[in-house]
Amino acid sequence: MNTVDEILDFAIEREQQAADFYSSLADRAQSAWMKEMLLSFSQEEMRHKGKLKSVKLGDRLLKADQHVQDLKVSDYLVDIEPTADISLQDALIVAMKREKAAYRLYSDMARTIDDPELKQMFLGLAQEEAKHKLYFEVQYDDQIMRDN
Amino acid sequence: MSLKDLISPFYVWQRAFEKPYTQKRPIEDRPGAPRYRGFHMNSEDCIGCGTCESICQNRAIDMVPVEGLEQRPGDSGLRPRFDYGRCCWCALCVDICTTRSLHLSNHYAWVTEDPDAFHFTAGTDPMPWNENSLGYRRDDDYHLLVHDRIEMEMLGPDESVRGFDEVMKGYTEEQAVLEADRCVECGICVATCPAHMSVPDYIRSVRKRDYETGLRLLYETNPFSSTCGRICTHRCETVCVMGYQGDPIAIRFLKRAIVDRVPAERYREILGDDVSDNGRTVGVIGAGPGGMSAAYYLRRLGYGVTVYEAQARAGGMLRYGVPSYRLPDDQLDKDIDYIRSLGVEVRFNTLVGRDVTFQSLLDTHDAVFLAVGLNQPSALRINGEEHPRVLSGLKVLDDVANGLDPGIGRKVAVIGGGNVAMDAARVSRRMGAEVTVLYRRRIEDMPADPDEIHESQAEGCTLVAQAIPVEIKPAASEAQVTIVWGEAEMVADDKGGRPRPVLQEDRMHEETYDCVIAAIGQGGQIDFIPSDYREQIEFKWNKFVPGDYQQTGLAKLFVGGDIANSRADAISAIEDGHHAARGIHRFLGGSADA
Amino acid sequence: MFEPTPQVDLSSGKYLKLWQGPQHPGITGNMALELTTMGDEIVDCKTHVGYLHRGFEKLMERRTFIQNFPIVCRIAVPEPTFNEYLYAAVVEELTGIESPERAEWIRTLNLELMRLASYLMWLGGIGAAFGQGTVYQWTVTHRDYILDLFEEMTGARVYHMYIVPGGVRGRLPEGFEERCNDVLNRVEKLLFDVEKVLFNNFVFKKRTKGLGVIAPEMVDQYGITGPNQRAAGFVRDLRRDAPYLVYDQLEFDVITATESDAYARSWVRYQEMHQGIRMLRQCLERTPREGPFQARMPNVLHWEVPAGETYVKAECTRGEYGYYMVTDGSEYVRRVHVRGPSYTHAIALMEKLAVGTNIADTAGLMVSLHTYPPEIER
Chain A
1 MNTVDEILDF
11 AIEREQQAAD
21 FYSSLADRAQ
31 SAWMKEMLLS
41 FSQEEMRHKG
51 KLKSVKLGDR
61 LLKADQHVQD
71 LKVSDYLVDI
81 EPTADISLQD
91 ALIVAMKREK
101 AAYRLYSDMA
111 RTIDDPELKQ
121 MFLGLAQEEA
131 KHKLYFEVQY
141 DDQIMRDN
Chain B
1 MSLKDLISPF
11 YVWQRAFEKP
21 YTQKRPIEDR
31 PGAPRYRGFH
41 MNSEDCIGCG
51 TCESICQNRA
61 IDMVPVEGLE
71 QRPGDSGLRP
81 RFDYGRCCWC
91 ALCVDICTTR
101 SLHLSNHYAW
111 VTEDPDAFHF
121 TAGTDPMPWN
131 ENSLGYRRDD
141 DYHLLVHDRI
151 EMEMLGPDES
161 VRGFDEVMKG
171 YTEEQAVLEA
181 DRCVECGICV
191 ATCPAHMSVP
201 DYIRSVRKRD
211 YETGLRLLYE
221 TNPFSSTCGR
231 ICTHRCETVC
241 VMGYQGDPIA
251 IRFLKRAIVD
261 RVPAERYREI
271 LGDDVSDNGR
281 TVGVIGAGPG
291 GMSAAYYLRR
301 LGYGVTVYEA
311 QARAGGMLRY
321 GVPSYRLPDD
331 QLDKDIDYIR
341 SLGVEVRFNT
351 LVGRDVTFQS
361 LLDTHDAVFL
371 AVGLNQPSAL
381 RINGEEHPRV
391 LSGLKVLDDV
401 ANGLDPGIGR
411 KVAVIGGGNV
421 AMDAARVSRR
431 MGAEVTVLYR
441 RRIEDMPADP
451 DEIHESQAEG
461 CTLVAQAIPV
471 EIKPAASEAQ
481 VTIVWGEAEM
491 VADDKGGRPR
501 PVLQEDRMHE
511 ETYDCVIAAI
521 GQGGQIDFIP
531 SDYREQIEFK
541 WNKFVPGDYQ
551 QTGLAKLFVG
561 GDIANSRADA
571 ISAIEDGHHA
581 ARGIHRFLGG
591 SADA
Chain C
1 MFEPTPQVDL
11 SSGKYLKLWQ
21 GPQHPGITGN
31 MALELTTMGD
41 EIVDCKTHVG
51 YLHRGFEKLM
61 ERRTFIQNFP
71 IVCRIAVPEP
81 TFNEYLYAAV
91 VEELTGIESP
101 ERAEWIRTLN
111 LELMRLASYL
121 MWLGGIGAAF
131 GQGTVYQWTV
141 THRDYILDLF
151 EEMTGARVYH
161 MYIVPGGVRG
171 RLPEGFEERC
181 NDVLNRVEKL
191 LFDVEKVLFN
201 NFVFKKRTKG
211 LGVIAPEMVD
221 QYGITGPNQR
231 AAGFVRDLRR
241 DAPYLVYDQL
251 EFDVITATES
261 DAYARSWVRY
271 QEMHQGIRML
281 RQCLERTPRE
291 GPFQARMPNV
301 LHWEVPAGET
311 YVKAECTRGE
321 YGYYMVTDGS
331 EYVRRVHVRG
341 PSYTHAIALM
351 EKLAVGTNIA
361 DTAGLMVSLH
371 TYPPEIER
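Going down the list, the protein sequences come from chains A, B and C.
In this text, residue positions in the first sequence follow the numbering used here: the first is 1, and each later residue adds one.
In this text, residue positions in the second sequence follow the numbering used here: the first is 1, and each later residue adds one.
In this text, residue positions in the third sequence follow the numbering used here: the first is 1, and each later residue adds one.
Here chain A stands alone, though its shape is the one from the complex (with noise of 0.2 Å):
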């Protein structure tokens, strides 16, 4: 990945690649809710690359000196293998885990790259996937443990 467009494809690609796992999982899906909540979660992620698609077009900037908050939910919870009658907090936890580990490739690959520009373009994604993680710990937060 050479060029900035290049890089926006492979995240671009990611993108509809995540949305596919989860309508393919809502498809298996046994629970009608969670059919329902796999899609809306498929859907989140054509959002995002919508978002990336824009990018690309020059319709918009990715910026990447804003903070994040890392509520570091997801870091000590068990690993999910993803099945069909997988429940909604199974499903939130694989969430969580898929766009963090989306923002440690974009931020690793910014630390091992020294063009600046694409530097930045990394730093960038690896921003927008720390804004979807957060988007999933939140719902975990809010939804998940209530009571807790």
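Incorrect hints may have been included.
As the list claims (entries may be wrong) - In the BS3-like style, the derived pairs of lysine-lysine whose C-alpha atoms are separated by at most 27 Å in a straight line are:
1. C:Lys209 <-> B:Lys4
2. A:Lys49 <-> A:Lys35
3. B:Lys4 <-> C:Lys196
4. B:Lys4 <-> B:Lys24
No wet-lab data here; the hints were simulated from the structure.
Since the structure of chain A is provided, determine the placement of chains B and C on it from the hints.
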């Protein structure tokens, strides 16, 4: 006539050289005294309770809507409008003002060209004295209302932890009358109560010692009055106007004061419930407060009601989740038995999906009301959770309710800050354990009822706030378990949600207990609904999203209770049941105002 | 005692019917005197009241106990506080509520200030009725100084609405003692002037001495109380004979006279003003600065007063003022009767005393009885 009498009057000529008394008003302004009773001012603290309107002996005050002001919980959205054609400036409205928002300015005179301006809404209309800082205020030591709550006798913490006896003893008749007397009958509570109970009216019936009227008023909206009189989350008290300067009215306990004084045998006669069958039937899934409330109101409308209950006894979370020191079994039975006495059939040990299919319910009944509640405890999902000494709070409470030994040991950690966590902690104390409660947020963020939090502390539970469990490890002994937890810092949520705890990885702790009771939240279970029906039903997160009158996209199915509302308390479930009963009646062609 | 009205033949040309009022005959409020005169001598007097009737006693039956307290002050415009106090006292007696000591002192201070203000207004009235308009201007000005004090103490100049069942509505303002003492000194100086101008004035003496003599035997027959009775030689004062509030702790003299004419009555009142100042100074010194000024009250919004009946009385400027109240245990009063001294002084007594006086003295005679029509027509 003496000469003196002729001369004497001339003595006062000397006063002609003294400064005259005359004041040059209006050239020189003379402000009113600091305490002068001038024109009305109203601050933003006003919540539109209308007590000023009630006390005004000239009927000079009308509570009116104000543009840009919405009704919300604890605020009627109305503000006092003054008619200066009637006002006598006695300032009783100021003295009685529950929020102390109403004042009088010390403004003396008011001249205007607008002949209608003598009618104005204080505080919101632009009056020339609105910025005035002086004028009549109620003195701090002068009260026309009683601000202190009448204390209820309760078991002391030393006594209460020894058993499962009811902690709150209930008011004596005299105490109840005195407490009821404090009510200003503003009705702010009515809008906030999920069931919109006619609170001021039944409080008045306590004051008048008229328990029959009281019972009728309670049953208009709530067939679980004995229960709610003990364990209701009392949102009404949170908004009670008496809470602004003192203690809110003990609304919950006044409800109890009514039912405690009416024996169960007299209910039917007093309530006069007529149950002539109308030939149609409704199936209800779950005999919790939601289901039984729907059953009561449907039965009153003449429907044959069959309730399908998985457990051996009715009451749902009230039976298996609320310990008997808060809600004695016989009190819950009093409510439920009355509903059953009207001919509501409850099929116990009947789990829909196992013992009877959802489809068969749809086939046999004209409509179905579903209120299965949230009975699946959320898992901690941290490493080591499968350790056998990690118990679920719901399971512990369930065992205790069924007379089984939950096997908690002598040293217990409870994780969570909701009512289930508090109940689990207090039950553990009663079983002789030393209890530590770990909660991720601050004590003030705890969703549990504040009374529960205070009483659990009084009973000797140790509350550790901002503690996030991160791992469960085996301990040296198999009968024990070690929990690793880290301290948390709170960060604000930019999007307006509650503050979020963030783990501080450099501040970790380890402690070994006989067991860890997890009570961090619950989810629902509706897999018994066939998937093609589910397509027609709207969900959000883990809950149903019912439409008008609790109806779902599957027209015959109405839902309510914890699984269909965000408040997840008994009174909301009761209201859902009542609301659904009216909905079902309409759906089946009944009158809209039933 | 009630002699039949002399039959006068109006067609004889010897008599003239003359209406005085209903606009303030003297300055005592709206009532009318229907005079039959022969020359300038009055041969018959009929009183007509009702111009101020607002039905207070009935209004009170339709209002809660707390809602009544702002109404009663209107029953006697120049002396609202006596009504406030008596209403509070009668309700307190029926409910068993006891107002705290600090409130009792503040109430006494309030009532004596009111007495002084009311006497100042009357003093202006008696002066003006006999052509001494200047006295009126002086005294009404000084009354206004007292109203200033009321304004800062109670929040209002005339309808104070300050004494409530259970106590008073607020503490004394910061620095009140000093300002009140200052006003008392000014009034004292004024009284000295008034004595020179009015009481030592041969015109005033000539016109008031021997005017409207109340024979001692009339006092109990007509139900005459207050200065009117003390000027006839009776040593009776409720503040001394049936002490209420803190009067038993105050030093004061009961002023009497024997002549029982307009001058004697004026002189008694004049000296009572000095006694009032004396009592006020004691009050200012001894009113507690700490402690509650209101008893613990029930929620007044639905205050039920136990069934009962009672009569409570007090010595107002004009005599015995009393409240008779019957309650039935509800949130509303069953019946209230307000006994104002003007009822006896302004009707039967006036009709009797006017006969034989001349037209020019009617106003002065009326003022010398010190009556307030609004309290006749509760």
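Q: If any of the earlier hints don't hold here, list their numbers in rising order.
A: 4
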